[in-house]
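The primary structure of each chain is shown beneath.
2 protein chains.
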Amino acid sequence: MPLFHRVTILGPGLLGASLCMAIKERMIADKVRVWARKQSALELCKQEKWCDEAEPNLKDAVKDTELIVICTPVNTIEETLCEIIQESGHNSIITDVGSVKENICRIAHAGTQANATTFIGSHPMAGSEKSGMEYAHSDLFNHRTCMITPLPTDSAEKVSILEKFWVQLGMNVQQKSPEEHDKIVASVSHLPHLIASSLAEYLSHSPDGWLEMSGQGLKDTSRIAGGDPSLWREIMKSNRSFLLEALDSWLGSVNDFKNILTDEKWDELENYLAKAKECRTKI
Amino acid sequence: MPLFHRVTILGPGLLGASLCMAIKERMIADKVRVWARKQSALELCKQEKWCDEAEPNLKDAVKDTELIVICTPVNTIEETLCEIIQESGHNSIITDVGSVKENICRIAHAGTQANATTFIGSHPMAGSEKSGMEYAHSDLFNHRTCMITPLPTDSAEKVSILEKFWVQLGMNVQQKSPEEHDKIVASVSHLPHLIASSLAEYLSHSPDGWLEMSGQGLKDTSRIAGGDPSLWREIMKSNRSFLLEALDSWLGSVNDFKNILTDEKWDELENYLAKAKECRTKI
Chain A
1 MPLFHRVTIL
11 GPGLLGASLC
21 MAIKERMIAD
31 KVRVWARKQS
41 ALELCKQEKW
51 CDEAEPNLKD
61 AVKDTELIVI
71 CTPVNTIEET
81 LCEIIQESGH
91 NSIITDVGSV
101 KENICRIAHA
111 GTQANATTFI
121 GSHPMAGSEK
131 SGMEYAHSDL
141 FNHRTCMITP
151 LPTDSAEKVS
161 ILEKFWVQLG
171 MNVQQKSPEE
181 HDKIVASVSH
191 LPHLIASSLA
201 EYLSHSPDGW
211 LEMSGQGLKD
221 TSRIAGGDPS
231 LWREIMKSNR
241 SFLLEALDSW
251 LGSVNDFKNI
261 LTDEKWDELE
271 NYLAKAKECR
281 TKI
Chain B
284 MPLFHRVTIL
294 GPGLLGASLC
304 MAIKERMIAD
314 KVRVWARKQS
324 ALELCKQEKW
334 CDEAEPNLKD
344 AVKDTELIVI
354 CTPVNTIEET
364 LCEIIQESGH
374 NSIITDVGSV
384 KENICRIAHA
394 GTQANATTFI
404 GSHPMAGSEK
414 SGMEYAHSDL
424 FNHRTCMITP
434 LPTDSAEKVS
444 ILEKFWVQLG
454 MNVQQKSPEE
464 HDKIVASVSH
474 LPHLIASSLA
484 EYLSHSPDGW
494 LEMSGQGLKD
504 TSRIAGGDPS
514 LWREIMKSNR
524 SFLLEALDSW
534 LGSVNDFKNI
544 LTDEKWDELE
554 NYLAKAKECR
564 TKI
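Chains as they are written, first to last, in my numbering: chain A, 1 to 283; chain B, 284 to 566.
Hints were generated in silico from the structure; no laboratory data involved.
Think about it this way: if two alpha-carbon atoms lie no more than 30 Å apart in a straight line, the pair counts; the simulated DSSO-like pairs of lysine-lysine are: (1) B:LYS441 / B:LYS342; (2) B:LYS502 / A:LYS275; (3) A:LYS158 / A:LYS59; (4) A:LYS258 / B:LYS520; (5) A:LYS258 / B:LYS565; (6) A:LYS219 / B:LYS520; (7) A:LYS258 / B:LYS558.
Make the full structure from the sequences, and use the hints.
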């Protein structure tokens with residue numbers, strides 16, 4: 001028996017449309033309802049087998065549904081949440097797929113006090129430097145990690161249902177507080193993005209022809225610098241403090257490296273590289 | 284007609300054994316001769332179809348052969364070159380596959396003045412964070428870039444033959460001076476390695492469980508930190524000055540990023556990320 005009768009996906013982009021596909025394929029809900037801000041996106045959804053109901057009105061889209069997943073662009077998640085929080089059914093669960101959790105959970109907590117709706121933040125760590133429905137696929141979430149960020153006051157039953165939802169999508173689910181989540185992703189996701197971007201920005205000043213001399217190493221190290229600048233602007237803006245902390249801390253490691261090179265301490269260099277290699281094997 | 288009657292490969296590791304395979308497969312030489320320092324490695328080669336002659340004596344290995352490719356570990360290239368430079372046939376070409384070129388070319392230039400042997404440095408930008416014969420494959424060089432670093436005094440004919448050799452292996456060949464080569468790889472190869480390693484070293488101090496929260500982005504950004512520490516120690520040691528220059532220059536880009544975040548200049552952040560993305564598409 002499916003976990004839900006009806007699930008509503010707000011925003012059929014890469015993550016939203018992939019979610020619809022995976023929910024249908026894995027029979028997690030009888031009905032998948034989609035809302036999109038743009039009529040053209042909604043028209044495309046209507047032609048897809050994974051879309052049972054295409055609803056142009058946001059307030060209608062969140063009625064009579066057990067799970068609402070906000071997959072709108074990261075800078076509109078909070079605004080979308082505020083628009084629906086008073087409209088959704090009293091027993092429904094609202095979640096999102098944004099990369100930063102502290103702020104949204106605070107807003108949601110204030111807004112959901114009034115009724116029985118529960119917002120529990122989710123961060124499925126799946127995606128791509130590509131964006132848009134055309135890159136969606138039903139395997140996007142499989143074998144990936146999803147952090148969910150319930151508050152201590154949230155209903156244990158609803159937390160458990162949300163956890164089941166992501167597990168049924170093939171994800172490894174971890175519960176963290178919103179603050180801890182943001183601290184972790186600052187280090188393991190947002191800092192790597194900053195690093196890849198700084199490398200690509202540095203190389204943009206190279207003489208003509210230098211980039212053609214690069215190999216697979218540079219390709220991999222810089223890949224995520226190809227991500228959407230407006231999306232990453234919002235992510236970094238939302239997680240500025242923790243990202244700055246992680247940046248400073250990592251710069252300490254870079255400085256150690258620089259001192260080793262400057263002082264020509266070659267045994268220390270090998271130890272440093274070996275420590276890095278050992279950590280890399282765990283990633 | 285094959286380009287060479289006989290080619291000698293010194294050191295059948297990942298690069299050396301892959302070269303043997305590719306030379307045979309593409310019929311670039313009638314005979315492939317292999318020399319290895321370890322008898323056990325030589326025994327393994329004897330069982331392979333790509334090895335026509337397995338020679339345990341280094342001085343004999345470089346006699347009566349038109350091309351000698353030094354593929355020994357990076358810290359032994361110079362010593363291997365010194366051992367063979369007086370022994371190889373007067374018209375043979377010696378090359379290597381090392382990642383740093385200025386020093387080896389200087390040593391070779393001094394050593395080859397006495398006879399007609401020509402050393403011309405090569406740097407095929409192919410490889411893997413894996414090392415050893417067991418990972419060798421004949422496609423390793425295909426569609427990759429190879430820099431060759433002839434000196435103005437080298438015979439144009441021999442430079443042209445060496446270029447043909449790499450082209451027949453499927454490579455895009457670029458000629459650079461040894462110094463220019465080392466400057467370029469400091470930026471596009473050695474700095475990315477330093478960066479990936481510094482990220483992994485930083486993350487090695489993370490609380491338990493954090494690394495499990497990472498996604499594909501961190502995997503890619505840190506992949507090359509999995510490279511062999513002793514190999515990279517030697518590469519960075521050989522290219523220390525240019526690497527330090529590249530490091531300082533890149534740290535300027537990191538500092539710009541930090542200032543943007545600190546000062547909350549979000550439009551500037553988006554411009555920075557867009558510039559990085561634009562450069563990334565060219566890599």
